[in-house]
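Here is what each chain is made of, one letter per residue.
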Amino acid sequence: MASSSRTQVIALYRMLIKESSKFPSYNFRNYALRRIKDGFRENKHVDNPKSMDQLLTRARESLALIKRQVTVGQMYSSQRTIVEALGAR
Amino acid sequence: MASRVLAQCVRTLARSSARVSGGNLAVRAVAAPGSASHRSFSVISNAERSRVLEQSRVSIVSVWCRQYGDLPPLTLETIRDRVMYVLKLYDKVNPEKLQTTSHFMKDLGLDSLDQVEIIMAMEDEFGFEIPDADGEKLMSPADVVQYIADKKDVYE
Chain Y
1 MASSSRTQVI ALYRMLIKES SKFPSYNFRN YALRRIKDGF RENKHVDNPK
51 SMDQLLTRAR ESLALIKRQV TVGQMYSSQR TIVEALGAR
Chain W
1001 MASRVLAQCV RTLARSSARV SGGNLAVRAV AAPGSASHRS FSVISNAERS
1051 RVLEQSRVSI VSVWCRQYGD LPPLTLETIR DRVMYVLKLY DKVNPEKLQT
1101 TSHFMKDLGL DSLDQVEIIM AMEDEFGFEI PDADGEKLMS PADVVQYIAD
1151 KKDVYE
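Just so you know, the protein sequences line up as chains Y and W, in that order.
Going by this note's numbering, the letters in the first sequence line up with residues 1 to 89, in that order.
Going by this note's numbering, the letters in the second sequence line up with residues 1001 to 1156, in that order.
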């Protein structure tokens, strides 16, 4: 691996947050952001390389899933909820 | 009667143009007396009126300027204020302990994931991408301000 695992983790974190911010649906977007932050934080102290690899593969799969769901959501987006409308003001 | 109306028009035009332009002696002469022989007055007023109109037209043209749409220019002060404002809004940062020179990890007790979130907030605030390699080197508000000033060509 050219990049160390630390830079990989940071890069994955960034990409996951960037992609989840594109969800048109309020619920999906907030859940994804919250779950990403909590998930990365609770596994911060993992040292075992095998479990780190497992977690990184899971993160990459989630990234692919989020990208697909963002595209689908943008195709079939519904009205903005009242919470978003108030927050935008 | 027509010449009297004409003379009145010239007088109002002359007054307004005397205010706008430096004032032409001939124009003032037309404005001031208001009584002369009718025929000579009308001849003068025709010539003066065209000159007065040209003068006022020239002064209007010089006020036109091109207008482009753009954001107000950035200064180091405004960049610093915006960076500190964004940091104060971040809930893991204690606003009392925050200063321009405070290190994110050593002084404010944040970790690398928080630093990633902060850099992404700065990207949203200033509207341009910060690549990963540059982003992970920025460890204090002063670094962020310096980086943005470099990228946006803000000198002082």
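Treat each hint with caution, since some may be false.
List time: in silico DSSO-like cross-link candidates among lysine-lysine, alpha-carbon distance up to 27 Å [said to hold, decoys possible]: (1) Y:50 / Y:22; (2) Y:37 / Y:22; (3) W:1137 / Y:37; (4) W:1152 / Y:44; (5) Y:18 / W:1088; (6) W:1152 / Y:37; (7) W:1088 / W:1152.
Worth flagging that the hints you see were computed from the coordinates, not collected in a lab.
Just so it is clear, the structure is predicted and the values come from calculations on it, not from any experiment.
Against the structure, the hints come out as follows:
For the suggested pair residue 50 of chain Y and residue 22 of chain Y, the alpha carbons sit about 32 Å apart, so the restraint of at most 27 Å is broken. Our distance criterion of 27 Å between C-alpha atoms is met by residue 37 of chain Y and residue 22 of chain Y, whose separation comes to about 16 Å. Distance restraint check for residue 1137 of chain W and residue 37 of chain Y: the Cα-Cα separation of roughly 21 Å lies within the 27 Å cut-off, and the hinted pair is therefore satisfied. Taken as a hint, the residue 1152 of chain W and residue 44 of chain Y pair is broken in the structure, with Cα atoms around 35 Å apart against an allowance of 27 Å.
About 22 Å separates the Cα atoms of residue 18 of chain Y and residue 1088 of chain W, which keeps this hinted pair within 27 Å; it holds. Note on residue 1152 of chain W and residue 37 of chain Y: the hinted pairing is violated, with a Cα-Cα distance of about 31 Å set against a maximum of 27 Å. For the hint linking residue 1088 of chain W to residue 1152 of chain W, the alpha-carbon distance of about 23 Å falls within 27 Å, and the restraint holds.
Checked against the numbered hints given earlier, this structure breaks hints 1, 4 and 6; the rest are met.
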